[in-house]
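Novice: Chains as they are written, first to last, in this note's numbering: chain A, 1 to 540; chain B, 1001 to 1278; chain C, 2001 to 2462.
Certain hints may be false.
Claimed, not checked - Straight line, CA to CA, 20 Å or less: simulated SDA-like cross-link-like pairs of lysine to any residue:
1. C:K2272 / A:V38
2. A:K353 / B:N1091
3. B:K1034 / B:N1091
4. A:K418 / C:Q2361
5. A:K27 / C:Q2361
Said to hold, decoys possible - Label-pair restraints from in silico Cβ distances:
6. A:P352 / C:T2119: 30 to 38 Å
7. C:A2029 / A:A415: 53 to 61 Å
8. C:S2148 / B:K1043: 41 to 49 Å
9. B:S1171 / A:W302: 22 to 30 Å
10. A:F521 / B:K1043: 53 to 61 Å
11. C:A2127 / B:S1171: 51 to 59 Å
12. A:A415 / C:R2159: 23 to 31 Å
13. A:K293 / C:P2296: 50 to 58 Å
14. C:A2167 / A:G527: 32 to 40 Å
15. B:I1208 / C:P2365: 49 to 57 Å
16. C:T2119 / A:F521: 48 to 56 Å
17. A:P503 / C:K2456: 51 to 59 Å
18. A:R391 / C:P2341: 19 to 27 Å
19. C:D2108 / A:K278: 54 to 62 Å
Hints in this document: simulated from the structure, not taken from any laboratory.
Heads up, the beta-carbon is just placed ideally off N, CA and C, and yes, glycines get one too.
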Amino acid sequence: MTDTLASPNSAPQRRQLKADAAAALLKRRYASERLFKVLGLGALLLTASFLVILLTNIVTKSIPAFSEHVVNLDVVIDPKVVDPEGKRDSATLLAADYASLTRAAIMSAIPGIEGRNPRRALTSLLSSGAADDLRERVVADPSIIGTTIKMPLLFSDDVDLYLKGSSSVTSQENGSSDLTASDVKGDITLTGAEGTFAKLVAQLESENAEVSPETGARLLTPLLPSRLIEINGGLVKLASVTPTTATGTTLIPLTSSGVAKAGSWQLDTYAQPESRRKSSDQDIAFIETLRDKGAIERNFNWRFFTSGDSREAELAGIRGALVGTAWTLLVTLIICLPIGVLAAIYLEEFAPKNKLTDIIEVNINNLAAVPSIVFGLLGLSVFLNFFGLPRSAPLVGGLVLALLVLPTIIIASRAAIKAVPPSIREAAIGLGASHQQAVFHHVLPLAMPGIMTGTIIGMAHALGETAPLLMIGMIAFIVDVPDTMTDAATVLPVQIFLWSDLPEAAFQQRTAAAIVVLLGFLFLMNGAAIWLRNKFERRW
Amino acid sequence: MENTAVDLSAIERVEAARTAHITGAAKPAKVVAKGVDVYYGAKHALMGVNVDIPDRGVMAFIGPSGCGKSTFLRCINRMNDTISSCRVTGNITIDGQDIYDPALDVVQLRARVGMVFQKPNPFPKSIYDNVAYGPRIHGLAANKAELDEIVQKSLEKAALWGEVKDRLADSGTGLSGGQQQRLCIARAIAVSPDVILMDEPCSALDPIATAKVETLIDELRSNYCIIIVTHSMQQAARVSQRTAFFHLGTLVEEGATQTIFTNPVDQRTQDYITGRFG
Amino acid sequence: MTVVYFSALALLTVTAYFLASSHSAAVSARGQRLHSLPAYHGLLAVSLVIAPMLILWVIGTPLISNLALSNALNLFPTDVQTDSLKSGTALRDVQSFAAGQRSGEASDVLRSAADTYSTWMTTGTYALLAAGIAAALLGIGTSLRLVSPTFRARTHFERFVRIILIACAGVAVLTTIGIVASVLTETLRFFFDPNIKGRPGVLDFLFGTEWNPQQAMRADQGDIKSAYGFLPLLTGTLLITFIAMCLAGPLGLLSAIYLAEYATPQIRRYAKPVLEILAGIPTVVLGFFAALTVAPMIRGYGEAIGLDVASESALAAGLVMGMMIIPFISSLSDDVINAVPQSLRDGAYALGATKSEAIKQVVLPAALPGVVSAFMLAISRAIGETMIVVMAAGLAAKLTLNPLDAVTTITVQIKTILVGDQEFDSAKTLAAFALGFVLFFVTLVLNIIALRIVRKYREQYD
């Protein structure tokens, strides 16, 4: 292009140079053009990837919380425990000690466990919720008293986590020679031929296991991977090992003492040291025994949606928070929809254009950008302190959120009202309708889809809001599901905040699950808003 | 049958009116404006308008854009009240009653003075509801049967009944442009006004629809005092008996349509109708 | 009692409507054409019932309860009456005893006070109910008497509706007044009320370098000057905001430019919802992500290259806050860039500028005021954001600019102080309101300036 433009009379050399320079410049310019475009696209993609990472991260974390593990056991409903006097009245039935029944059930599932600690380890595999389930079942149907029923009993959160995680048995090898057990229970000694445990001793040496000064045996501490021997139907946790003998504690009693043939016993290794696990070797032994019996089952976690908060992770649910959220949002909607719409009507249709109206307008725009925590301060000092309304109540939460989303609704409603063409107003007024009749008969119905869209978006905003509710005390630990709008309650985002602070891994999963539920609601609401906008959007 | 009867009586009336104007023996005017000034904020939009508008006939307001003809039209049913910066002084009476009297309810004034707008603006409701709205808010019908009758009569008068009688429940916005404008006329008629104001009612319509609306106006003038603002001098000539020419916020000249178009007094009117400006 | 009152209200409302509308219909049936439809006579009667009854209720209820309480309080010894703390407790006892919620033994004083309280409450509520019904009947009577062909019921009713509309618009103003009043009064008490123990001077607050309200609580004889130093909170807030803006500023602006100038409608169709979803993620979710994913990740990387990273580093909170702000900046900037008239771009293209040159040299300079205000609004949003920092930033006030350190922010401190039980008389609680005032003031100023710039900018191109 430069060639054609250049005059033919100019010196060819110079022209050539100029053309080169121009071409180089052009090339540079196009390169920077491409770079700029790529930067923009990159920014967009990076933003999108943030969203994807965030959502994936939370959804992955939440998946385990949507299922729970139970153990199907025979429960003997002993009338002596449940209803010793045979009255069958609900007070007695409710007060009975069902935990002893569930404890008995799991004890009979793995017979022969002796000693206080192993027994307690076994019974504490069950959640306290198992007894509650049993109580519910008995109260609902007292005729089962005196019978034996098969029912699913809920595991505690640690067991549940263990079952959801990968199995801790990381390696298993068959014994290469015969092994003799000294006893069936308690601390026992396992004696084999020379070199039976040579390989294990070598491993322990490489792990820098301590050496007993008296016997010269290698000692297994909780800081090292656990080694266990499955022999004669039992399980022995090793405490010290020499190449020929090993001593240990029986976690599951053996069926018989004596010789186990080569190949009929196994050495199990749990690579993760016991001190860095929630479940002890004893727990794992019990769980694996139950699993081998086929008693363990994984179910969808309905409890998560049907129960309130709890200190026990496996029992904690979001029902209380959901109901609290519903109450709160109901109050918010009842207050801010009429006020917002009427205020918008006034400002858009009736307000004289003067300084005062200007101030109200600027005020609304600024109110929309006030940090939400400041609304919490307002609620605390005005609603709680001045008016003496109850703390932690959905009523107050709803009031605060109503003030918070009011500007959003006013702004959206004004836009919707403004979008109704003036010709409709003129037509009505020309027919002798008063201005108010024109507005309420014609303009408002036509603006309604836009107002509803704005309201849904405002309510979605309120649904996700947390900070102001902390200020008015909706942060208390509340087990009961609130029945009225003045009961102490919490809401879903605050429940998320509360759980996220708890150290238990099961609570972390539940936090993520609650977030998934919250996001689900938000997407539903925003989807509804978009649908409404597309369906009723009118081009004038 | 009925239509022809209307037509005949209309023609008689037209002839009578025309004779009356020409002879100058006009009957008492329906709408009388004396010294009307309109201000939009600081802008003086209309200056000292004096005009008498006779009953049962069509009066056309013509003039270039922004000359104040629509502004004056909107003074007659006080539509200017809806613009907050607008201020009207002077005196307008309908049947001798001052319409800017503070004791008068503007809403009742508008029931007596119907209006048809530049762009057809039916409510996004059914055809029936469009026509029934006015009678409903003014309590003109005691029951459903009366309301049905009003709706039918109005649509018949607007020459729309035959086209829509089977789909009264359909939306008014689904009609064609010309039908929509006739629906708006039916809507205005339904409250039985004395005066009908039309603000360039055909400017958004195609020629065929325009012809229909013009025929309708011609039929209606036997019963109503119609005031029409138009851009088209041909239209003014076709439908009106009297014409007023506005220019730069003043009423320049008013008289029988024939006189204005054939023998105007003022040079500006002459220039405008011969197309020198506008 | 409330239920009875409102049932009466509902009943009288319905009665009023039917009486007035049927009466006016009868008048018009006699051949006199009414100015207003019967329905409006009915509605006017309704408003003449609802308005006085509601006003009576709003005024009467607290009045009765105050009367009853003060009469009950008069029966207590004078030392209880004068001590606000004791009298409060006594009155709570009276109320719970009168409501029958308190089992167990009660003193004679309490018993008689509760009796007085109950008597006053009962008498008062019945009187209120009677007054309400009387007022309503008066309203119905008036509206019936007013029915006449010339009476403009609609006009009067519309005047009533207009008052309601104005009142609704006033709620927004009242909210602002409420915020300013509540935050400002507590702040003034914090600095100037002589009854508050351990309050700092204004300068100690503004320029103090140590923030330690828990310490101040424990020992009001301690060094007050070092308890409420605002500076570390300010630097913490600004540090996190700065990190957030470093991420969100370029990303938000660049994606806005891409969306406004380069993206095909197809890309816009997918990109817009992505940004909207990101904007709609509740901050508590982002806080969870920051605390449990981003912070450990940064710590892990930091340790891998030998840096000492706090587990609640400012960097983690700032980055996630940046994520929150990206859609905010991008949608505001998108609007602003779209508002730049096409003619400016055409001018640049006609001179042979490439698209990016047109953007960089013409569009962006033209859009600069809008972009600046978008950034200001974003900064104000970041300063006021609470949940992300509460969950991911620290509690210890540390005067540092190291992004790998834990810092605390204004909002975190407000939350920390006010969650749990508060006494309104302690300097600690009031300190939270002082922080709230600073927060409100700073964001308000940022918003006003930004909105003004935007308005000027719009006017320029409209």
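Novice: All the hints need checking, so say for each whether the structure fits it.
Specialist: Consistency of the hints with the structure:
1. C:K2272 / A:V38: The given pair, whose Cα atoms are some 18 Å apart, holds under the 20 Å limit.
2. A:K353 / B:N1091: Between A:K353 and B:N1091 the Cα gap is close to 27 Å, so the pair fails against 20 Å, i.e. violated.
3. B:K1034 / B:N1091: holds, 5 Å
4. A:K418 / C:Q2361: violated, 36 Å
5. A:K27 / C:Q2361: Within the cut-off at roughly 19 Å; holds.
6. A:P352 / C:T2119: 30 to 38 Å: violated, 51 Å
7. C:A2029 / A:A415: 53 to 61 Å: With Cβ atoms ~45 Å apart, the hint is violated.
8. C:S2148 / B:K1043: 41 to 49 Å: holds, 42 Å
9. B:S1171 / A:W302: 22 to 30 Å: violated, 48 Å
10. A:F521 / B:K1043: 53 to 61 Å: Given a distance of about 54 Å, which is inside 53 to 61 Å, the answer is holds.
11. C:A2127 / B:S1171: 51 to 59 Å: Distance hint for C:A2127, B:S1171 holds at roughly 56 Å.
12. A:A415 / C:R2159: 23 to 31 Å: holds, 28 Å
13. A:K293 / C:P2296: 50 to 58 Å: violated, 39 Å
14. C:A2167 / A:G527: 32 to 40 Å: For C:A2167 and A:G527 the Cβ distance comes to about 35 Å; the hint holds.
15. B:I1208 / C:P2365: 49 to 57 Å: holds, 53 Å
16. C:T2119 / A:F521: 48 to 56 Å: holds, 49 Å
17. A:P503 / C:K2456: 51 to 59 Å: With a Cβ separation near 52 Å, A:P503 and C:K2456 satisfy 51 to 59 Å, so the hint holds.
18. A:R391 / C:P2341: 19 to 27 Å: violated, 55 Å
19. C:D2108 / A:K278: 54 to 62 Å: Holds: the Cβ-Cβ distance is about 59 Å, inside 54 to 62 Å.
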